[in-house]
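Please work from the sequences and hints to get the whole structure.
Chains as they are written, first to last, in this note's numbering: chain A, 95 to 346; chain B, 13 to 202.
Simulated from the structure, these hints should not be mistaken for lab results.
Each residue gets a CB set at the ideal place from its N, CA and C atoms; glycine is no exception.
There's no promise every hint is true.
For the chain B half of the interface with chain A, some residues (derived, Cβ under 10 Å), not all of them [stated by the list, open to error]:
no. : residue
1   : R57
2   : G61
3   : E84
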Amino acid sequence: MISTMVNKTLKKTAILIFWIAVWQLFSMLIARELIIPSPFSTLCALFRLAETKEFYISVFISLLRILSGFALGVVLGFLGGVFSAKSSLFKEVTAPVLQLIKAVPVASFIILAFFWFKSTYLPVFISFLMVLPIIWSTVYTALLEIDVKYTEMGQVFGLKPIKIFLKIKLPLIFPAFLSSCLTSLGFAWKSGIAAEVIAKPQSSLGGMLEQSKTHLEISEVFALTAVVAVLSLLLEITLKKLLGRYRDDKVK
Amino acid sequence: MIRLNNIFFSYGDKKVFDNFTLDIGSNDRLWLSGQSGCGKTTLLRLILGLETSQKGEIIKDISLKPSVVFQEDRLLPFKTALQNIMLVTNDETLAKENLEALGLKTEADTLVSELSGGMKRRVAIARALSVPFDYLILDEAFTGLDKQNIEIAIKQILKIAKDKAIILVSHSPLEAELLGAKQINCQALL
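Here it is in structure tokens:
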């Protein structure tokens with residue numbers, strides 16, 4: 095067991111080293127820091143950023159903005175999915191809006207929303223917009239796919255509809271819901287950062303990225319991109335753990 | 013207790029019941045037999061209110077409580093045997109007593125997904141016996157159980173449902189005999 099874990103870690107480290115070496119090779123071949131900075135100069139840029147207070151504030155505020163949009167999208171998407179499964183009229187009335195959100199490119203929404211919201215709220219709105227249709231359609235489909243035998247069982251044994259929903263339906267759709275949360279979190283994070291790059295709100299990772307680009311600090315752009323990617327991974331792991339714990343509690 | 017009066021029911025063009033009448037007394041023991049597809053399960057679904065007849069009426073007091081062992085287990089796989097029972101009742105003592113009587117004392121806290129087919133059947137029976145009920149429906153309830161377990165299960169059913177109506181759907185005369193149920197052949201009713 096332990097040796098398998100050690101082997102796994104060694105393998106992952108080796109893969110990481112391989113790709114850093116590829117990066118180093120490309121940077122040496124091109125030999126222009128303005129196009130591809132070396133891993134070392136990126137690391138130096140990261141350390142420089144880590145020394146500033148602005149960096150941590152930006153990380154925190156960006157997380158807050160995007161997670162707010164994500165949470166709003168999860169809650170409203172969940173409710174939308176539930177009501178759509180419950181009422182076909184509600185489903186038909188809301189279908190064009192969902193279709194529109196799915197079809198319109200995120201860049202168009204960012205530009206449009208730029209005129210509607212203050213720059214600080216734009217990433218919240220864009221993250222929300224990315225999450226909403228994913229959660230909505232997943233919850234709707236998962237609820238419709240529940241085997242009617244389970245709900246009939248609850249009905250025959252005299253369970254109230256709310257108990258059937260909470261104790262039978264909700265745990266049955268949970269795996270699909272969890273997976274849609276994880277997928278949409280990635281989308282929310284990426285599109286939220288993109289919105290920050292365009293809207294340049296105060297104290298934001300996206301704003302810092304844009305600023306570094308303007309100042310041709312490409313190693314800083316690379317460092318910030320790495321931060322965005324690592325944070326995305328950390329968010330995914332945290333959400334997986336949180337929701338996994340909720341599921342375990344439900345089983346207990 | 014329950015009267016099915018001139019029931020007509022069909023699945024599309026396939027007529028299942030036409031002008032069908034049946035009276036079920038408060039402590040009747042009925043054994044519905046007959047070939048597969050003759051409407052035994054449909055009849056149970058009509059009684060339970062899971063299907064509605066196209067003609068005729070089902071007269072029963074709405075306060076009558078059913079309990080049922082479905083043809084399939086209908087247990088939530090991510091819950092333990094005891095949790096599945098506690099989902100439909102508040103009587104933990106009775107739930108544990110039924111599990112123990114059916115030989116599942118040590119499996120009470122095991123996830124249903126980890127139980128064998130026969131064990132799941134017995135959990136489904138224990139669940140049906142752990143709720144307060146006026147009539148008990150057993151739809152192929154003993155499928156997959158060996159003779160010894162069938163006898164144990166029926167002994168417990170007779171203990172709990174002593175003065176209650178029992179409606180059995182089964183292909184096994186042994187189960188009907190152990191329950192002391194009167195045979196009603198599905199084909200003969202049509």
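Which of the stated hints cannot be reconciled with the structure, identified by number in ascending sequence? As far as the earlier hints go, not one is violated by this structure.
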